[in-house]
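Generate coordinates for the entire structure from the input sequences, incorporating the hints supplied.
Heads up: the protein sequence lines correspond to chains A and B, in order. Residue numbers 17 to 130, in the working numbering, belong to the letters of the first sequence in order. Residue numbers 400 to 514, in the working numbering, belong to the letters of the second sequence in order.
One or more hints might be untrue.
Claimed, not checked - In silico contact screen, one side only, chain A against chain B (beta carbon under 10 Å); selected entries:
no. : residue
1   : Gln22
2   : Lys29
3   : Leu106
Stated by the list, open to error - Straight-line distance between alpha carbons at most 20 Å, and here's what the computed EDC-like set of lysine to aspartate or glutamate pairs gives:
no. : chain 1 : residue 1 : chain 2 : residue 2
4   : A       : Lys73     : B       : Glu494
5   : B       : Lys470    : B       : Glu438
6   : B       : Lys455    : B       : Asp430
7   : B       : Lys441    : A       : Glu118
8   : B       : Lys455    : A       : Glu68
9   : B       : Lys441    : B       : Asp483
10  : B       : Lys467    : B       : Asp448
11  : B       : Lys470    : B       : Asp454
12  : B       : Lys467    : B       : Asp430
If you're looking for bench data, these hints aren't it; they were derived computationally from the structure. Since the structure is predicted, the reported quantities are computational estimates derived from the model, not experimental observations. The C-beta atom is built at its ideal place from N, Cα and C for all residues, glycine as well.
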Amino acid sequence: KAGVTQTPRYLIKTRGQQVTLSCSPISGHRSVSWYQQTPGQGLQFLFEYFSETQRNKGNFPGRFSGRQFSNSRSEMNVSTLELGDSALYLCASSLTGTPYNEQFFGPGTRLTVL
Amino acid sequence: GESVGLHLPTLSVQEGDNSIINCAYSNSASDYFIWYKQESGKGPQFIIDIRSNMDKRQGQRVTVLLNKTVKHLSLQIAATQPGDSAVYFCAENIEEDTGRRALTFGSGTRLQVQP
Numbered sequence: 017k018a019g020v021t022q023t024p025r026y027l028i029k030t031r032g033q034q035v036t037l038s039c040s041p042i043s044g045h046r047s048v049s050w051y052q053q054t055p056g057q058g059l060q061f062l063f064e065y066f067s068e069t070q071r072n073k074g075n076f077p078g079r080f081s082g083r084q085f086s087n088s089r090s091e092m093n094v095s096t097l098e099l100g101d102s103a104l105y106l107c108a109s110s111l112t113g114t115p116y117n118e119q120f121f122g123p124g125t126r127l128t129v130l
Numbered sequence: 400g401e402s403v404g405l406h407l408p409t410l411s412v413q414e415g416d417n418s419i420i421n422c423a424y425s426n427s428a429s430d431y432f433i434w435y436k437q438e439s440g441k442g443p444q445f446i447i448d449i450r451s452n453m454d455k456r457q458g459q460r461v462t463v464l465l466n467k468t469v470k471h472l473s474l475q476i477a478a479t480q481p482g483d484s485a486v487y488f489c490a491e492n493i494e495e496d497t498g499r500r501a502l503t504f505g506s507g508t509r510l511q512v513q514p
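Below, the structure written as C-alpha cells:
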C-alpha cells in the first residue's frame, strides 16, 4: 500500500508570495492533518480535515488555510509569505482521525522563504 | 537530508546497549501518548503508543513507561542498533476545553548509535 505522498518536496519562494502544498493520503484514509516543523518551535499542529471539512485548527494566523477534496487529497495554502514561514510542512493521514487512530506521516515539503 | 532540530538534546549509545529516552509532558489531562521516530529526510514514524489507563506497554524491542504522578514518559529501546539513530519525539493527545483534540509534540531527542 502506497504511503502518504507530498508534493513538491522542496520549494523556494520570496516574501509576499503565496504557496500551495499538496498531500495525498493513504488510500482509504479520510483524515488529513498538517503540521509545521521548525528547529525553534518543533512540530506544531496546523489543522485537520475530515470528509472535506476542517475539524480542528491550531494556533496559526489566517494566512494558513487548507482544504480537502472528495478523494481525501488535501492542499494547504500560505498567503503573504514571511521569512518565519520557512519550515518543513508535514501531512499525516489516518483512517478516521479519532484520537487513537495511528497517523501516518508523509516525507514533508521543505519550504524556504527568501 | 533536512535538519530536524539544530539544538536537540542528544543521547549517544553503543550498539547493543539499551537506550532510554525521556519526555516530560505538560498536561495532566492528557490521556493518550505516542512515541515517534524521525530519520533525516523523512516524516515521523509511529513507534508505540500508550493510553493513560496503563503504565507500561511493550512492543518489539521497545517499551514505553508512563508515570502520571510526575507527568513523565520514557521510551526504552533494547539492543540498540545503528538503524535506531534518529530523532525521537513524544506526543500527547488531549481534549481541550473547546472540545478540540490534537497532538502536541515534545521538542525531541536525537539518538546516536555508535558502532
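Hints the structure violates: just list their numbers, smallest first.
-> Hints 2, 5 and 8 not satisfied by this model.
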